[in-house]
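Participant: Assemble chain B onto chain A, guided by the hints.
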Amino acid sequence: MITVEGVTRVRGRTRILHEVGFTARPGRVTGFLGPNGAGKTSTLRVLLGLDRPQAGRALIDGRRYAELERPLTVAGALLDGSGAHRSRTARAHLRWVAASNGLPKGRVDEVLELVGLSADAGKRAGRYSLGMSRRLGLATALLGDPPVLILDEPVNGLDPAGIRWMRTFLRERADQGRTVLLSSHLMGELAETADDVVIIDQGRVVSAGTLAEVVGDHPTLEDAFLARTASRGAAW
Amino acid sequence: MIRTAYAEGLKLVTLPSLRLTLALTWAVVLLLRLADPAGGVVPYARIGTLVLGVLAAGHEYQAGGQIRTSLLAVPRRPLLAVAKIAALAVVAAPFVLVTALLAGEPGATGGLLLDLLLAAAVGTVVRHPVGATGVVLTAYEIGVPLIRTHLPDVAWPTSPVWTAAAILISVATFCRREA
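Chains as they are written, first to last, in the UniProt record's numbering: chain A, 1 to 236; chain B, 1 to 179.
Isolated chain A, as found in the complex (with noise of 0.2 Å):
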């Protein structure tokens, strides 16, 4: 379950989030949407710690992420890149990490063998595709087994076997009851995986619930996005 509550983040003169709250269920798959620069990454950042909101709060089971003592096993991100220095093999990076939660080494193939990696686990990170880099992000994600994963714009650079893989597995994690979280300003990607949607438009959440209530009247969600931030005028 995350929890975010009237988060208003600044950076500079700017105010890029605007008393941001919803929330992301168990056992669902909540896409988080908006334009680029909408604000979702920044809020994601808040939610797992990396940057401090100037008020409101972002929690994960009702806990702040920055908080937790063994966070792989509460929470797993996906952010932009693989995470890993371009000169240590996957294997090796992996290992650091569990290390760092104190997860068993076994867990290390266990993710490799998961997400696929496992011929190409003695490869440096640097080497990798930017499917095999997404790859090894989620490996980590999944590193500490954990009830929640967070992700930022999983999808983006995919083929479109990489999303259907990416689609597929994270409906299955949701249907295991986690709660899966996953930003992305593709809403015909969106409308294929989504249960519940939370759109985000300028900093300010513009609507949040199931996806056929986010539809609404409206043919598509895109349409219904569109609908909803197009009183702001064309971004573009």
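Simulated coverage check for chain A against chain B, where a stretch passes if three residues somewhere in it have a Cβ under 8 Å from a Cβ of chain B: (1) 46–57; (2) 61–68; (3) 71–78; (4) 83–91; (5) 100–112.
Since the hints were derived computationally from the structure, they do not count as laboratory data. We put the CB at the ideal spot given by N, CA and C, even for glycine.
Facilitator: This is chain B only, laid out in the frame that chain A set:
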């Protein structure tokens, strides 16, 4: 704490650039012993230890975004900062000892280790290995000799004081900033 420091140690020993720096440093020290330069070999060995310190801390900030993985794995920043320093000191101590022995001055071990930790603090603050290497090499090889020549009578603080100050600044910076 031990868990975090162990993970930081694993990070250091599996980084190819550190092994390369180590091998190059030893090779250069052994070669220079043959040449027997006037001021001894330690000033040259110091270059290797400074680069090693910078890389150990600065590699977190290179391409790939490893620093975010580190902060997600250990979000308590003071804990992570202290574990990093402890792990580096333990991993680097044998390397520095061997370097000092090869240079023929085992007594230089402590000084070199302090220099290495200071370089790591600079690497943490600057977050850019090439830039940080420039800073520490300029300071040690040009700045310090220049000041010593022109102001021979000033009582500068000793090496442990400088290192402690640099570490304090780096820990404070690391805990406060957004990564």
